[in-house]
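Participant: Assemble chain P onto chain E, guided by the hints.
Protein chains: 2
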Amino acid sequence: MTAPWVTYRPELKVLDCTIRDGGLINDHMFEDGFVKAVYDTCVEAGVDYMEVGYKGSRRLFAPDKFGAWKYCREDDIRRIVGENNTNLKLTAMADAEKTDYHEDILPADHSVLDVIRVATYVHQIPTAVDMIKDAHDKGYEVTVNLMAVSVVKEIELDQALEVLAATPASTIVVVDSYGALYTEQIELLVKKYKSFTNGTGKEVGIHAHNNQQLAFANTIEAIIHGANRVDATMAGLGRGAGNCPMELLLGFLRNPKFHLRPIYRLLQEQMPALQSMYEWGALPPYIITGQLNQHPRAAISFLSGPNKDACLDFYEKCMREEA
Amino acid sequence: MTAPWVTYRPELKVLDCTIRDGGLINDHMFEDGFVKAVYDTCVEAGVDYMEVGYKGSRRLFAPDKFGAWKYCREDDIRRIVGENNTNLKLTAMADAEKTDYHEDILPADHSVLDVIRVATYVHQIPTAVDMIKDAHDKGYEVTVNLMAVSVVKEIELDQALEVLAATPASTIVVVDSYGALYTEQIELLVKKYKSFTNGTGKEVGIHAHNNQQLAFANTIEAIIHGANRVDATMAGLGRGAGNCPMELLLGFLRNPKFHLRPIYRLLQEQMPALQSMYEWGALPPYIITGQLNQHPRAAISFLSGPNKDACLDFYEKCMREEA
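Order-wise, the sequence lines are chains E and P.
Reminder that position 300 of the first sequence reads as 299 in numbering that gives the first Met the number 0, one-by-one numbering, no gaps.
Reminder that position 265 of the second sequence reads as 264 in numbering that gives the first Met the number 0, one-by-one numbering, no gaps.
Bound-form chain E, shown alone (with noise of 0.2 Å):
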């Protein structure tokens, strides 16, 4: 095809993780009214999944600390979504290790979710496979998330992705967890991410940051190589410099089954509330731990700080820490 961009992709799916990856900002204490407008929004506008946040261990993470949707037990979600008798498709993240999976996932005819996306470290894999396989036989679609892959050394992603593309999960998901890749290393991830995927059935996805300004340019990246599970969020809401905005995503997309006007909607009645509230996207300090391929916690504990606009400060602390 001469100019791809004018055309679309038909098995190409959009999910939503606003609530989920910006629950990181506010320990997931969004009020129910927002929750139910960008549910609401992802239905209008033809979004293929939502992620409602977390299967956080109640053991771990005290319930006193964190909103219903670092948990989502079936009650909460069900306030929200009612049966979800709607197109759209209901996910929860289960962090390995951190996630009290054996009871907290339910027998999937029990609940109103139809996938459980695993997150793991590559360290936690075994783990991730276990957890995998759990919700699988429980009726669930999973699917796997392979955390900060900017830091892992090839070999082990090869052995990583091996074991991976042996499990139920139906799709492996390129996740640059520090904001710190470039377009040209996401071509070579999800390259490599198919030809483990390749005759399995397994989709391959992408999941980016904003570190660098660059997740909106690497998810499309990530498209155009092959990737048909795409992460996004309203207004990019995501920790630190968030994720790749929807009201870009879907203005770049062409099915004509998504609309972006439900987007601007919830972007004019909800955002500047959030905004007026938290701070996220490719601020100075964010620019910098992506640039290093760090975490961003140190930026986002900067930021926290009396002189959050003091950059320098931020850049020559982490260049004497780099030393």
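Please keep in mind that the hints were generated in silico from the structure rather than gathered at the bench.
Since we're looking at a predicted model, the values are computed, not measured.
All C-beta atoms, glycine included, are put in the ideal place defined by N, C-alpha and C.
Mixed in with the good hints there might be a few duds.
Covered stretches of chain E, going by a simulated chain P footprint (3 or more residues, C-beta under 8 Å) [stated by the list, open to error]:
id: 1; stretch: 118-132
id: 2; stretch: 146-155
id: 3; stretch: 171-183
id: 4; stretch: 250-262
id: 5; stretch: 266-273
Quick look at which bits of chain P chain E covers, simulated, 3 or more residues with Cβ under 8 Å [as the list claims (entries may be wrong)]:
id: 6; stretch: 70-78
id: 7; stretch: 174-187
id: 8; stretch: 207-213
id: 9; stretch: 218-225
id: 10; stretch: 241-250
id: 11; stretch: 302-310
Facilitator: Relative to the frame of chain E, chain P by itself:
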């Protein structure tokens, strides 16, 4: 090369257009201290060119309505840079039909400017060609920015490039005035421009806008496909959504002649004051004009009004006007 981003291309040169493009936000009314800070930063950071403003016609643009950097008179520039005894080359932009170039552009040996950057729409090419000749005859390096290429028909673009390739301009710049282009389109354009400059010794440049958060990504894409002249601005300062941020660009480029620390110092010391006065970046109305491949003027006007957060209203207005 298996990982080209680890190394660098020595012939790649960076141009800072903070004062020139940023001046479109405030009618070029920057204080001398800010202009000097940007100049000092460019020198220390190893930036190759700094564009100090426009050579605007005082007949068209009344001098009581604009700051000094709309005109870039010799005395004003020298007030900041003295004789500019540095490695930094200085440029000014001359807009076709908006510059009294015969009178206002001095012979190069009477000016501290090194380069004249002619900016032209496709319908102004004959004027631009005369301006290029005039500046070249006066002893300058001359480059040309062919603006708003995202709305130029292929057949006219080919003709324009054929004409420009025959001028003494040293560089032809791909200019995404509306922030509408995706990386795939940037690739095609850079390849096309290179096909016309092939064998002429001319370079291809890139000037990106950030409406869709793609300015940095598109700049990288242009570099990958051979663009060796790259525009950026401090903190992405620029009209509307702004430009490719210098702090991202220099973080990507691996040439040890470039230094990030002075950039972060400028961001810390100078940008909070500007950010409290002006707003730029990929705000939803700029996203919308970018997605629609339109000049940002409607978004600029909307954002200066009383309902600047009402991006749905702006979206619906654009949809109505498109009909």
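Participant: Enumerate the violated hints, using their earlier numbering and listing them in ascending order.
Facilitator: Per hint list: 1, 2, 6 violated.
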